[in-house]
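Residue numbers (the working numbering), protein chains in the order written: chain D, 1 to 267; chain G, 1 to 267; chain U, 1 to 526; chain X, 1 to 526.
Source of the hints: derived by calculation from the structure; they are not laboratory data. Computed from a predicted structure; not experimentally measured. Any given hint might turn out to be false.
With a Cα cut of at most 20 Å, we get these calculated EDC-like pairs of lysine to aspartate or glutamate [to be verified]:
1) Lys310(U) <-> Asp135(G)
2) Lys247(G) <-> Asp235(G)
3) Lys8(D) <-> Glu31(G)
4) Lys81(D) <-> Glu31(G)
5) Lys157(U) <-> Glu235(U)
6) Lys151(U) <-> Asp229(U)
7) Lys157(X) <-> Glu235(U)
8) Lys181(D) <-> Asp51(G)
9) Lys374(U) <-> Glu106(U)
10) Lys132(D) <-> Asp313(X)
11) Lys35(D) <-> Asp19(D)
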Amino acid sequence: MKTELDLKSLKPYGDTTGDGAVQMSFTLPVEPSPKAREAATLVVREWGFTDIKIAHMSAIGENYAFFVVFARCDKSIDYTKVHVPELSTEKRTYKEIDQIIAVKIKRPIRLVGACTGYDAHTVGLDAILNMKGFDGDIGLERYRGFRVVNMGSQVPTDDLIDRALKEKSDAILLSKVVSQKDIHISDMRDLINKLKKRGLEDRFILVAGGPRVTHKLALELGFDAGFTIGARPSDVANFILEKMLAKLELTGDNDGKLKPKPPKGKS
Amino acid sequence: MKTELDLKSLKPYGDTTGDGAVQMSFTLPVEPSPKAREAATLVVREWGFTDIKIAHMSAIGENYAFFVVFARCDKSIDYTKVHVPELSTEKRTYKEIDQIIAVKIKRPIRLVGACTGYDAHTVGLDAILNMKGFDGDIGLERYRGFRVVNMGSQVPTDDLIDRALKEKSDAILLSKVVSQKDIHISDMRDLINKLKKRGLEDRFILVAGGPRVTHKLALELGFDAGFTIGARPSDVANFILEKMLAKLELTGDNDGKLKPKPPKGKS
Amino acid sequence: MAYSATLPLNARKIARCREIASSIGDVVAELVHTNSTVGTERAVLRLLGFNDALQWEGLLFPTSNFLVDQLKAANRLNEGALYWVANALLSTGLSVGELEQRVIKEGLEIAKIEPLESAKVVKFAGNLAKDSFKRLLQYRKTRAQLRRKLKDPITEKRPLKYVIVATGNIFEDVTQARAAVRDGADAIAVIRSTAQSLLDYVPQGTTTEGFGGTYATQANFRLMRQALDEIGAEENRYIRLTNYCSGLCMSEIAALAAIEGLDFLLNDAMYGILFRDINPRRTLIDQHFSRLICGVSDIWIMTGEDNYMKTTDAKESGDQVLASQFINEVAALNAGMTHNQMSIGHAMEMDPSYEKVILYEIARAQMTRQIFPKCPLKYMCNTKYKTGDIFTSHAIDTVFNLIGSLTQQGVILLGMPTEAVHTPWLQDRSLSIRNANYIVNGSLGISEEFGYRSDGVIAKFAQKVLDDALKLLEKIDRMGLLKAIEKGYFADVRRTIEGGKGATGVFPVERKGYTNPFFDLMGSKI
Amino acid sequence: MAYSATLPLNARKIARCREIASSIGDVVAELVHTNSTVGTERAVLRLLGFNDALQWEGLLFPTSNFLVDQLKAANRLNEGALYWVANALLSTGLSVGELEQRVIKEGLEIAKIEPLESAKVVKFAGNLAKDSFKRLLQYRKTRAQLRRKLKDPITEKRPLKYVIVATGNIFEDVTQARAAVRDGADAIAVIRSTAQSLLDYVPQGTTTEGFGGTYATQANFRLMRQALDEIGAEENRYIRLTNYCSGLCMSEIAALAAIEGLDFLLNDAMYGILFRDINPRRTLIDQHFSRLICGVSDIWIMTGEDNYMKTTDAKESGDQVLASQFINEVAALNAGMTHNQMSIGHAMEMDPSYEKVILYEIARAQMTRQIFPKCPLKYMCNTKYKTGDIFTSHAIDTVFNLIGSLTQQGVILLGMPTEAVHTPWLQDRSLSIRNANYIVNGSLGISEEFGYRSDGVIAKFAQKVLDDALKLLEKIDRMGLLKAIEKGYFADVRRTIEGGKGATGVFPVERKGYTNPFFDLMGSKI
Ligand code: B12
Ligand code: B12
Ligand SMILES: Cc1ncc(COP(=O)(O)O)c(C=O)c1O
Ligand SMILES: Cc1ncc(COP(=O)(O)O)c(C=O)c1O
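Pulled out of the complex, with its shape left as it was, chain D reads as follows (with noise of 0.2 Å):
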């Protein structure tokens, strides 16, 4: 019989559950020899890695050498302890989306979106906004329900800010690519500041997205959601359409019928 799994202690998984078994590769600033696979062993012991091989050793150029690891971890972690603000966003099609747009919010909801700083990486933020869509999923661009601005790249955040204000924007959605030095933080955190500095922190729903926003950094960082690899058109409908809906205290049931949530006060 296979032990368990118990995810109380959740481990990598090779061949045998529990086994704890994980890959690496990395490189030493030393000559190939018995003394630098030692030395690699000795680096992957420290950290705390067990059953350690040292399955490939070669030469880089003069003076580096490459290890292909395998090892064995011993520490594991709960896995039902680990919590991440999920985005949880009901599913419904772009046509449900729009439909409600239609009835409960009675006119487009306004969108403006960019590529901020030096970042001229378009395709993620177009694969979102325009017409076409991604992955199968059509852009927020063809919904009835949305009105998209997309600045494109390179746009200093100051004019999104302008720009955002003066479409009357109930969205900024912004874009970060290159995270090279952490670039795409700085860049999230401008925003951020820059909007607090106009007294403008309340003023938009905030989306940041890129292959390296998580939704819990967005959050982190004053966003309202971060989208990542593999985020579609109508998951970010799905998510600004719920987020307008909870700003204006409407609720999403498609019931033709605008139904005021009872208002939060002491009870």
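Given the coordinates of chain D, work out where chains G, U and X with the ligands should sit on it, guided by the hints.
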């Protein structure tokens, strides 16, 4: 300018000296999800890494998530303090070796080799022993100075010892390739134990080899040397020759004369 | 420059190779005709239904072994085990199942039961065999129906993607196999535990401990078969199950595989001889019976020439490989097998550092494709030149997959990035399958897009291999196969006729006095 | 079935494409003829030798910028910067170096120096230019000699292996480049820091900080050049150095590259327009001057059509890529360049999950090969569809390398397993080069082994791309190139003629009153 390399605090290198850059991959027994991604991050953090990038998360079958991760480590080791027993044999050519054997030892050195247990991997042993050799380096059979018996694969340990005795062998060469469940270690130990049981522990020069055999491991287990991936017949020949000379208290100077070492005694 | 869809290989030379191979095969046929083995006899009993086991020195020892050992001790093997079982059943009036339980629980000794009238026994034996034979046909039909019902990937005109599982624990294997199927595998091979081929019995029951593989047992076969049928149904794709059928239990494994509905068997006496040091006579005889079973059960045999390339220089040893393939083809034909059941084995095992190595590999693969046009070739990935550098290993496998697709191999045995390190982890296999998915899907139809230059490096290399193989076959024919093995003509390994494991399990028979109706039922040409 | 060494592409259609492209190019020629830019003027100064810098708001600000800004402010640009420099030198009797130091140290303002007699100034300017031109020829000769002296990998009839370094620190870059050369790289590209192309000046000195790349500076060029010459000598292999020549300093970078002995420049106005939002007029004008310099200095230009495939569906956008390549070819010819200096760019950027994607990629690569037979094509690896799964990424790169070899690309821009993650680490690049070594060495000569089926999927796809490109070129010709850019015909990106960065740096010139003898010296066709 570049940061200077400090061997006293050796760390992996990615693109900046001292960056501690490491690549890893592993599988967690849970479905891919933002929670799983967070779990992967926590697992890697648990190992002491920082700047953790979950570069990739994808499903394997059902209930498994595969991760590729890049991270940095802070810990370093002192390379100047790493010590491994080095197999520092002189690099004589096969002609030199043959000549020294002829002149000093005056008879061929007798070797018996085998893969014991259920190991059927003979390619490595053959590479060392057979005429053809390995990597352009001729095999020990081709030396006039060695008389080689290659027993091949799946040889019971006792048969190997019997044969070595029968052939009046100077050395036993053991090859262990399969390493699942450390079977190579058990089989290496088996030879040592059986030799001990028969009072033969000092009778032969003991050489082991295989992809997971290191010189260090071999010494620990009671062998005189261990050879691993990339070992060449002449490396082995040099080692065995030196060991023989030492046993006979001869030196390897190819001066055409026997030069007995000064007897070791109290001074 | 002239190009053509095929390499210019001389058809007369190919035909001549076949003629010679056939003559070489006659020697083996003679051997099979005049001998049987304890393994073959046990396989007969297994076909009849003797598949339980009894406690013996703390282990589960199969009834088939127990019975054959008894008969051997009593000097009653020369009539064939079936004869004495028939005798026992007739005498006692028991069914096979009842008899087996009496053996297990009450120590009934069939070797001691009085012989009845020979003609009656032979006739009864014939009927017993016929029943078993019909059951085999029924198993075959069930499989064929399921292949039709689910989508059979064979109809997609691309190589089948074959991966191994080898955790040692059949339950863990099932987990890994399920994942592999989800990822896109078409065939699952459960690798056997190290040295099972040296066991002279088939272990019993499900197993959870093995070295570098999982024991091949009937219960393990069944468990995995069930899992694959289940997930195959979910994915609407028929998934093939594979195991190893070499070693001392060659024919018994074939029997169990037939009963449990396996689709492929790695089956090659030469593998046992060369790499497991099994007695040549023993395993060649067992091979014949195993192939009879495979043919009737529509189990593809996969031959083991790929292994020769691991102990030789694969660029140089194309001739031995091809010669052996011709010899294997004859042996399969002699067992009544059809070409579409012969998954002739070869591999991409040349040193990747050779200049033009990719051209030579294409040459070998395409040449083999053309010489065995109706055989679903089994093409093995590079293994020997892999190192712990799993990235480079993955690159080599990419080339392998592409050559497999270009040259229309029947089954590609996918390479694992960690080939030089350990038996595959879940993620290794997943990467491997996704690599093959990309290549096979991305190059669909590529074999029809290109013509080979008739005087190119590829063409010339292939022609040379064929020429050399013809010469080698002539030499082998002159000296006899067993002598050639003795001289190290295959895989650079030498084995003697008397040497090796299991030699004592061979015994001479006179076909007249020996009862094994399966030979005729299954269409043996020997 | 019919096979042939080449794809059946209609030669008349190809010729027609060239005709139309030439007509499209006329519009650009007109633009270049009637305008200059601050960038071009600065490049002229750099060729003369103004390559120092002065302290300005804490930064090092190049003299060339300083001088051109002054002249512009004084409304003296329309005569060309060279004219006023000549005027200043004549007036003061200083050498270029002395004048520059006076500018830096004493704030000498050349814009305020009294104009001398025009004919004298023009003549002196002509001599200055001639001297500079001769120096360029000398640099070119030095390179040619070194290429001859060391073994030039171009003679090996295989694609050159091109890799990037991008640590941000030029000293670290040198370490990485040395390792790459040891591993087998033939060309090293130092990737620029993010958005350097938007800087309207070239930074000065060696630099150790950059985002996703290292600043392109003269000092950095020199440092890397030296390192590559050194290791090239050790390895006895000439190593090529590459940088980027797009953006606001397009022509200045060309000048510096020529001076410092670079071999290749990624050079494409369209890249700046579409991906950097640089004003189309500005960069098209700068491009012409940069290509004049490249032609004379025998620096290969590498065009940027590969980038279009990143913002479009690369399977669909073959027509834009091909159309743009024809337009780029014309622009290079107009700058007096020869085909063997045009490393026309394209890429393997189709979605790897497409069925038959490998066939389509072969089709595109081979088609491009045939349409530009004398150009050393620059073939870019897959990048867009790479994910953090570095193993699969490595498999894709294997296919890329093989297609590069099969279709005889001039330079293959090797893919990195970590493409979707970070700029390459030492080990990523090493793996990448070793992959290419394996494939290129293993498939040496493969292009001569196969013929393409004349009515195959590959042939048809290539034919369709050519047909579509012809139609597209006709459309572009009708509406004019700038209108086509406005309409998003390239890379699905729209840019207006007036929009974009650097528009104010363009100024109209009358060729009569404007002095730039380099046009004639360098053989401009405009
Ligand atoms: C295409 C591309 C380019 C194109 C960009 C064209 C364009 N108009 O976008 C060009 C050629 C111009 C380019 C140039 C450069 N690039 Co680039 N490029 C890429 C590449 C190959 C693909 C990116 C991409 O399009 N992905 C596909 C999209 C769909 O994915 P995505 O961006 O992640 O978007 C998804 C989600 O993240 C999310 N999302 C993204 N944004 C948003 C926004 C919102 C609001 C929401 C809700 C969701 C969302 O939804 C999308 C769909 O699911 C990557 C490598 C790679 N494979 O990732 C390198 C890469 C991003 N580039 C890189 C670099 C360094 C550069 C350069 C700086 C190199 C140089 N020095 O010359 C230049 C300069 C660019 C600049 N200053 O920004 C690096 C970044 C390294 C890092 N980690 O920081 C990468 C990783 C390559 C590498 N390994 O070096 N590049
Ligand atoms: C060839 C091969 C086979 C051949 C062996 C043929 C033969 N006669 O040797 C065949 C096909 C028979 C085979 C079968 C099996 N194999 Co196997 N095989 C390999 C393979 C592909 C190459 C090994 C090899 O030849 N390397 C080349 C030689 C030259 O290298 P080497 O052995 O390391 O030797 C060098 C040094 O180590 C040293 N050395 C070695 N021995 C000695 C001895 C002395 C005295 C000295 C001085 C030096 C020395 O010098 C040599 C030269 O430098 C490896 C995978 C791989 N690429 O490594 C798997 C591999 C070793 N096999 C493996 C397995 C599991 C098996 C099987 C058990 C699978 C099965 N269940 O069916 C079977 C059974 C074999 C058995 N019971 O032992 C596993 C082992 C896993 C592990 N870590 O334990 C591997 C790693 C493959 C895998 N990933 O699953 N195999
Ligand atoms: C034909 C054949 N039989 C059997 C095996 C497996 O070997 P064993 O079960 O003896 O370990 C192989 C391995 O490659 C093979 O090719
Ligand atoms: C033609 C061309 N120029 C320049 C670049 C580099 O871009 P930048 O220097 O603007 O970041 C590229 C990148 O691919 C390119 O293809």
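Results for each hint:
1. Lys310(U) <-> Asp135(G): holds, 15 Å
2. Lys247(G) <-> Asp235(G): holds, 18 Å
3. Lys8(D) <-> Glu31(G): holds, 15 Å
4. Lys81(D) <-> Glu31(G): Roughly 16 Å separates the two Cα atoms, so the pair holds.
5. Lys157(U) <-> Glu235(U): holds, 19 Å
6. Lys151(U) <-> Asp229(U): It holds: about 12 Å lies between the C-alpha atoms, which stays within 20 Å.
7. Lys157(X) <-> Glu235(U): violated, 48 Å
8. Lys181(D) <-> Asp51(G): holds, 11 Å
9. Lys374(U) <-> Glu106(U): violated, 52 Å
10. Lys132(D) <-> Asp313(X): Holds - the C-alpha atoms of Asp313(X) and Lys132(D) are around 11 Å apart, at most 20 Å.
11. Lys35(D) <-> Asp19(D): Judged against 20 Å, a Cα distance of about 28 Å means the pair is violated.
Of the numbered hints given earlier, the model fails hints 7, 9, 11; all others are met.
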